[in-house]
Amino acid sequence: MPDLAEFELRVLLGVLRRADAAYAVAVRDEIEARTGRSVSIGSLYITLQRLERKGLLRSRLGEPTSERGGRAKRFYAVTRTGVALLRAECRMTQAMWAGLGLVAEER
Amino acid sequence: MSAVRRLVHALSRLLPREIADAAAGDLEEQWRRDARQSRARAAARLAAEIPALLWCALRSRDVVSTFGRDLRYGVRLACRQPKAALLSLLTLALGLGAATALFALTNAWLLRPLPFPDADRLVAVWETVPSQDVFENTPAPAVLFEWRARARDFDALGAMTTAVATMTGAGDPERLAVLRVDEEMARVVGLRAAAGRLMSVSNGAPAEAMLSDAFWHRRFGGSPAVIGSSLTLDGQPVVVAGVLPADLSLLGLGADVWRPLRFTAAERESRSRYLWVIGRLRHGIAVARASDEVNAVSMSREPGLGARAVPLQEQTVGSLGHDLPVLLGATGVLLLIACANVAGLALARASVRRREFAVRAALGASRGRIAMQMIAEAMPVAFVGGIAGLVMSGWLVRAFVAWLPQREALAPVPLADPRVFAFGLAASVLSALCFGSVPAAAGASRRNAGAAGDDTRVQSASPAPLRMLAAVEIALSVALVIAAALVSRSFIRLSRVDLGFTPNGVVTFELPRRPGSESHAFFTEMLRRLETSPGIAGAGLTQALPLKSFGFGSNFPAEGVPPANRLTLWRIVSPQYFDTLKIPMVEGRAFDGRDASGAPRVAIVSESYAKATWPGQRAIGRRIGWATLERPMTVVGVVRDIRLTASAPIVPHVYMPFTQVDEFQPSQLAVRTGASVAEAVEAVRRAVWAIDPSQPIAGIQTMDALAWRTLARRRFQLALWISFAAVAAVLSLVGIYGVVSFAVRRSVKELGIRLALGARSAPLAARLVAQALAIAAAGTTAGMLIAYWTAETVRGFLVGIEPREPIVYAAVAAGVLLATAAAAAIPAHRVTRIDPLEAIATDSHG
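If you're matching them up, the sequences are chains Z and B in order.
According to the numbering used here, the residues represented by the first sequence are 1485 to 1591, in order.
According to the numbering used here, the residues represented by the second sequence are 7 to 852, in order.
None of these hints come from the bench; they were simulated from the model.
For glycine and all other residues, C-beta sits at the position ideal for the given N, C-alpha and C.
Misleading hints may appear alongside valid ones.
Just a sample of chain B residues kept apart from chain Z, beta carbon distances all over 12 Å, derived [said to hold, decoys possible]:
| no. | residue |
| --- | --- |
| 1 | Val14 |
| 2 | Cys62 |
| 3 | Phe151 |
| 4 | Ala183 |
| 5 | His223 |
| 6 | Leu505 |
| 7 | Leu635 |
| 8 | Ile759 |
| 9 | Glu844 |
Here are the computed distance ranges between Cβ atoms for each label pair [unchecked claim]:
| no. | chain 1 | residue 1 | chain 2 | residue 2 | range |
| --- | --- | --- | --- | --- | --- |
| 10 | Z | Glu1490 | B | Glu320 | 48 to 58 Å |
| 11 | B | His223 | Z | Leu1586 | 54 to 64 Å |
| 12 | Z | Asp1513 | B | Pro57 | 55 to 65 Å |
Derived contacts from chain B toward chain Z, CB cut-off under 10 Å, selection only [as the list claims (entries may be wrong)]:
| no. | residue |
| --- | --- |
| 13 | Leu17 |
| 14 | Asp32 |
| 15 | Ala54 |
| 16 | Ala58 |
Extracted from the complex, chain B is given alone in its bound form (with noise of 0.2 Å):
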């Protein structure tokens, strides 16, 4: 017999006693009928029958009009109650807000596709450098054009890269961010106008350029006129052919401006990596296998080097792809918290209710009958809440975009979703049934059966379920204090890490001279001003300034050494750079004036690019070759290694005097306050005016405020988990407060009679809170259990710890113990206010 007509001839059974035969015997008879023709027929309507049939069963017992019955009971209830009504219903708002906010964005970010055609083909193309641990390296010309030539898997490359631009003849000139995209990026991601018509990407075509959505809004007042008409940038015309959407993102690369990017026959053989490449593979290859091929381009074509294709999307939400996974989990779990402390509440009054369910079971009412009455009181408190919830979870999502670092590469969170809806609707159901199935059990089971009469009966301590749900209360919220607090251990870590710099005290600034205006006599120039400059104490400047860019890599050669493909960071730095950052020298000596444009060609290296490429020996008076040997640099110095940021690994680094590359204009500018900032941002100003009034001043920033900045997705997971913890721990804590408040109301009596025989109160008490401690002890081990169960979950999430240390899970059992501890202490205490006459003659249901 077929799945569907075992389920059809049992739900027949249910029908009421005068028909049920009938039914089912119709059923069958209509199955065998119908099973003639065809049997999938005959199953589909056999099984268009289950609803109905449902139906039917339900009427017929009446449990649709009793449950509506209970249901308004239960609205009645809480209106007699309001005080507990609106705890349970605000705490159900908090579980329920949180899980719907991060379902919403899990939804948004992970399961809705990116806005492309045929998004679930686009894929991200690095090139590797895996002995390095580098697996996110943008490519050059040459790889690019030795991928397409080679790589089978793709039915399409597109690339782009990221340039600045000055625009001028529109008000104050400003510096604008670029991002130029190749006629197969347009292709691969479908690129499209919102507005005008899109700019034309191929080879001889005039220059034109596209305006993001953000950037028209901001500086044009999002007019149409604008379109059509010609901005200056860079001292070129370019005409602005149209609005790009307002969703479009790619790999989070903002720009203000969009162009076009071509290569020139020099241009596709350069070996510099400043390539982001999105691929679109062919029809039914899978990720994996494309990776592997391109790999294998890249390896052939060099040794060492490899490449690999992850999909857009999780390359697009990045670690957010593993962080929004757990935090709904963690957000799951302080629903279950918040459904056990609703629960408390219900048992609470449950069992000042035992009296009246004693009564109905006398008067035949069923346990099941009894526990459905509980159920269905839970709902209508578990439907406000679910409706607080969702419009709370909309104020979360928001703050919880806001405040993400590099929100621009994600796609907006719709609110008004079906299926975001449908999860706060199921939620709320399912956290009713949970907290209503708790005093449903209780209120049904078999020892109610005596309550009736029974208000002499003497009780020490609270409900045994009422205990139980406080230790998984204290359990749950023990694991989710455990993972902020190695989240926050993590990012104490994180903060005090050594960058082998000191930015504290350090400006920095934006100088982008416009190309083809002269350059090092400028910078020459105002660097001489500035070191005569009252409060300034240094100035230095590169191209990229740790902290705020990563600047571009490349190959430097040894001679006499054999060719390691390792990836270095170079900067151009004026010689005061070292010092304005104060980067220790080990060895050698820093630049001065001697490296003047025409002097020997030098360079200084840092620690590890020495260590690594002469083990053991001096590297003072070696020769190294930028990409090759032709026009050979001698090491004068080498200095310690820094980290770019605080998560960041330590790559080597090759420094040469700015006056000595011609190729690259140093842009960022390094001051050493010697008072104030806003003083040191002053004499900048003096110094770069007095040469050039023109000189476009930007990117004003302390280099502590680019620390904290680059600290900002770690900071934020630290947020998260600490107002997770805290309210599970707030949340547990109401639940140990209620047993003992609870054992307290019940034991009154025997209290009172107690004290009454002569016994002193403290101990009676210390008694309370030692039943309190054994529930946490409890509580607190299988929390400890749970976190060690789970610790790899929570990995992700930490920087240079490991998800296991002993030493935070003793520190978070001793901190929950000595909170339980507290706030059992408070109800215990009223033990000692208990008057003996008073309480023997009190009712303890009361």
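Here chain Z stands alone, though its shape is the one from the complex (with noise of 0.2 Å):
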């Protein structure tokens, strides 16, 4: 399984959180809001699209609407594989924390 890149993994975690509608914008507001970092649309669609290649994603295009001057949104959604490359790689994360203490769980 390949590893995955910082940013690529915010990006599918990212795609995941808004599983209804993840469309870039979308997927943009949620890393932005809960990583406090701003990403552009340009960078983020580089990452989306190399994640579509990889299999990790795949995506569809939606209606058009007269809010976006009359374009469609392309929605993205995880892939099987990609859901088991997540699993893999927050239990290998979790494991390599576990027992040092440095953050107190928030929740």
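From the two separate chains plus the hints, produce the assembled complex.
Following this line, the structure appears as structure tokens:
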């Protein structure tokens, strides 16, 4: 299984969190709100495309809407491979963090 | 729609098809959402998208990875043809090095501010005499204090003056150059100590001095122990307060020691013009306005006089402020020629690769793709050439600075400056685009379409782009050569200017008497001894020799003539002064033994003084005064005018016998040698030390050397222009050579057939030369037009000649055509050695 870069991981999780309507602006808002880092649409698309090529995401075109100047949205969803990869990633990361107690559990 | 929005939408159209529409929609959505709060913020956020969008578009089209592949291919190509690559590289390095060096100098001297606080508000303030074209006269204290009292546009006006002092008590007596600065000057330029502390400049402070960094290192090895110790200057103890910063220079007045300048009540009234003034403008005051104000103050004080303020930066770099941009432009032209040359080389190679391109085009490569490949292939050579150019620019800058006259005035030139690097990098990328795009355009042209199988077509000339390049090179270099020829002509004329005296065979000495020590009897006795010395044909004393010192000017009113404020230089001289310098007497007599200390006061005037004061009348017997007519002098002789340097205008002179002037002492001796310089120097030493063994003898120089030095700036400009022109000419001749030898190679088959059919080879060779001459003629015509249109830019480098002298244009045109014929004849001659049978069997692309 391929390793994921930091930003790729965030994009995958962002798509997952907006599973109902995961298009670029929504994913971007999700990442910005949770990480506090600003993200540009252009760089988001570079990563979305790469993840789609890797088979971790799939996409479909929605209906055009007027607020977007009559252009359609492209909705993304995490594939089964993607979900599996995220699980593995999460386990690895948790294993590395376990018992260090650097960050108090927030929830 | 705003410009940013339009740009972003245009960019989004370049994205891969499947996301282009969605991304455009996303950006639009984001914009509308942000714009509801703030349009400016929305636009800023959209602008921040541009780099990522560009990158996304480039990546998706494989432009980036393809470009990288082409770059690597370029490196391999260069390695396969090392000789051609090296030639291109050197040519480029030369062009880039010269351009980068000139940029580094421009950056250091014109773009960066001077190292003073609020440097942009500092101005040099001069007195002017408009009627005599004098615009940089040093003002007198009386004028300075008038400015200070009445000019409101200045925060402060600082004054300084130069002096000399003899240092004793620490090894050999040494004569030092002293710069005296007053309290306001210290404030204006923010004077500070690099080591130790600032000397106290205010009135009543103890005698203190500061050392220049250079003198501190030269004389005391940079030892901190000297700070706080005491030196003996002119017999007085002076405490060394500290050392000045190394880069400190005020108007280029170099000095070993800096001392305070204070004015007594009497000195404030002085009308001797010996001050240099730097002022600080009040906040928000334009230089022009302050200049007008100070001019009005001077004019109201004394009609005929004026004043002006010049930004200190402009004053400090002086004529370099005009020269550097022009020279930078010239190196730009040189770089263009270098690019054209390298483009020619690449083009010659590209046309050998025509079949490769044709095959690639047939396989579906777009024209843009092939053009891109050519440019990418150009990059490695340009990049390495750029690095070599940067290294070379370091040497060039050092050579330039070492050569430059009056370099003390200028700030040091930083080479490791980000702006210089950026310039070098941008210049190399631009030149790669420049010389890569020519073969790119040719390589991508439709005419290649049928070239895949073309090896039989007979071509009798080089391809049009190659001929065009050669013509462009010739045009640009003709423009440079014309400029260089004009500068040379001006220099030759300048070095032949009649100075009005004969410097050849004269040696000069400086004999500063210690203040307070007896001087008239010493000099009289010295001259008496020199008269009888073998090896000396004549000896004359003055306080300021031409070619060496400007001296001081004053006003010399004449009795019975309405006062005219005319700047007149004065010199106190000994009787043989005129004979020694061979300044011819026009009328009357020279000074002699009659003009002793108590005798009636006499003067000798120069022709221009006499003509301006008593037009059409005899000058002998008339009476003039020094600044006032209180103690008049009778004119006993008229001498020819002299120029202080070859490029200086003629200024009226008044000469007075040194024995009759008590306020000033002569300090410079000119000796006309009988046999050799060494013998004359020896004779002077013997004569001086026989009278006073403690008298220092300094500044031993021949007047020829001084004349040579006064032309230093001109010689330097000449050398620069000639080297530019020489490099340009060589490059463009190489270009012509390339065109002809390419034509010979390409048309071997045709020529072979013709020779086989009985044509003689000489006319064929002549035809090739004629083709080259046609190119050169077109280039030369264009070059002369360029030179004609840009003539005004070189005017600053010329003295006494017009920048559009037809004779220079004609000579350069003839020279270029001749050189072209010669450069073309070498490869054309090869035609005569073609073996028809072999030629017909040749693959003309080989």
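Claimed clearance of chain Z by Ile759/B, with the beta carbon kept past 12 Å | Consistent with the label, Ile759/B stays out of reach of chain Z, its closest Cβ about 59 Å off (over 12 Å).
Take the C-beta atom of Glu1490/Z and the C-beta atom of Glu320/B, compute their distance, and say whether it sits inside 48 to 58 Å.
-> holds (55 Å)
Going by Cβ atoms only, is Ala58/B closer than 10 Å to chain Z?
-> For Ala58/B, the interface hint holds, since the closest Cβ of chain Z sits about 3 Å away, which is under 10 Å.
Hold the hint about Ala54/B up to the distance rule: shortest CB distance to chain Z must be less than 10 Å.
-> holds (6 Å)
Confirm or reject the statement that His223/B sits farther than 12 Å, beta carbon to beta carbon, from all of chain Z.
-> Its Cβ never comes within 12 Å of chain Z, the nearest being 55 Å, so this holds.
Status of Phe151/B, Cβ more than 12 Å from any chain Z Cβ = holds (63 Å)
12 Å cut-off, C-beta based - Ala183/B kept clear of every residue in chain Z = holds (62 Å)
Please confirm whether Cys62/B is truly not at the interface, meaning its C-beta sits more than 12 Å away from all C-beta atoms of chain Z.
-> violated (5 Å)
With chain Z as the partner, please determine if Leu17/B meets the hint condition of a C-beta pair closer than 10 Å.
-> holds (8 Å)
If you check the beta carbons of Asp1513/Z and Pro57/B, does the distance land in 55 to 65 Å?
-> violated (21 Å)
Would you check whether the claim that Glu844/B is not at the interface survives, using Cβ distances to chain Z and the 12 Å cut-off?
-> holds (58 Å)
Separation of Val14/B from chain Z, once the least beta-carbon distance is taken, above 12 Å = Contrary to the label, Val14/B does not stay out of reach of chain Z, its closest Cβ about 9 Å off (not over 12 Å).
When held up to the earlier numbered hints, the structure conflicts with 1, 2 and 12 and fits the remainder.
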